[in-house]
Amino acid sequence: MITRRRLIYLLPAATMAWDFVLAGTPEASPNYAVTDHWWAMLLDITKCIGCGNCVRACATENDVPEGYFRTWVERYHVLDWPSETPIVDSPDGGKEGFPQSKNTGGKNFFVPKMCNHCSHSPCTQVCPVGATFDGPDGVVLVDEKYCLGCRYCIQACPYGCRFLHPTKHVAQKCTLCYHRITKGLTTACCENCPTGARQLADLKNPNDPIHEFLRTHAVEVLKPHLATGAKAFYNGLDGSVR
Amino acid sequence: MNRFKDSQHLLRLAGVFVAGLALFLVLRSALVPRSFGQYGHFRGDALAEIAARPINYAGQKTCEDCHSEIVELKHAGKHASVHCEACHGPQEKHTLDPSDVVPQLPDTTMLCPRCHEANLAKPAKFPQVDTKEHSSGEPCKTCHQPHSPLLMPEEKKS
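Protein chains in written order, with this note's numbering: chain X, 2 to 243; chain Y, 2 to 159.
Any given hint might turn out to be false.
[As the list claims (entries may be wrong)] DMTMM-like cross-link-like pairs, simulated, lysine to aspartate or glutamate; straight-line CA separation at most 20 angstroms:
no., chain 1, residue 1, chain 2, residue 2
1, X, Lys146, X, Asp64
2, X, Lys184, Y, Asp66
3, Y, Lys62, X, Asp209
4, X, Lys184, X, Glu221
5, Y, Lys133, X, Glu97
Hint data in this document are derived by calculation from the structure and do not stem from the laboratory.
The whole structure should be built from the sequences, with the hints applied where relevant.
Okay, here's the thing in structure tokens:
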């Protein structure tokens, strides 16, 4: 017989049991196993032509609001060495391409930028509610249902890759087209890059050409001194790029 | 004054703590999402939710399934590695309903210069032209077949 006292003893155990009942059977995802992947991106500065295809494709694929960018292209104009103050411009994120560069000597080149999907990401460390996280497959994502819009992650990202969505009031960023790569497609920016300056890479896949590329090329990540474990690898990265 | 033994004070206090703990566990199970902590300090279901968003770009393989003729033409030319949707735009809707959703043909006067307009910041090896000088506003496809862009033989020009 259940007395009041017994009920008090039983409640905690019942709560825990109910937890398991609610959890149900884990969702089956037949074609995609999160533990089989460790996603990264290869960005080749020596191939980027600043056409802005990636920026437009990203905006179309991910419904990025006007004036905000999950990926963008910067144009660097470096006059001297060492250059502490390179001249950088990015009209509308490079969405409509770039006007003619001025012929004043020095180096001119384009740098495509995006979330670096750091393996020790500063943005996820500061999230107070666990709304942004390092996924088990190496992609840094935002849970929009959980995000409070406190903007802490936006100021923590050393690469300036996050923004607050103007109407949803949640933090947004590059998802590495998570909805595409989990279906076996490449990201929208890679799909649309005409020169192959962007390559999606799976570091856990031994047959991915990224391994050969990293072995044979001078590849660097942005701001390596911050030890963020960035996984956006740049080929031909100039020291002036911030 | 002897209605309670001293030890009963402690038992009642313990009872309050147990009740508080039970309330905490009930509230916790009600408020914390089920999948929280599945992979780490976040809601595990978020992964599936983000993965479930619809796509707009169908992907090169999907295009190649139907348009094999153009793929062959493209592979023989300089644009072999340029994916279809890089110029033709997002075509997922077209792949779902190929007869009713027909893609618009891009205007080569606008399209080609996006990549091929001369700019100092572009890699020197990349083929570039000053379009004003090169074609004075003529559409590029007057002379070039976009899928295989080296100059067309004279008789094929339209």
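Outcome of the hint check:
1. X:Lys146 with X:Asp64: 17 angstroms, holds
2. X:Lys184 with Y:Asp66: With a Cα-Cα distance of about 17 angstroms, the restraint between lysine 184 of chain X and aspartate 66 of chain Y holds, given a limit of 20 angstroms.
3. Y:Lys62 with X:Asp209: 18 angstroms, holds
4. X:Lys184 with X:Glu221: 29 angstroms, violated
5. Y:Lys133 with X:Glu97: The given pair, whose Cα atoms are some 18 angstroms apart, holds under the 20 angstroms limit.
Of the numbered hints given earlier, the model fails hint 4 alone.
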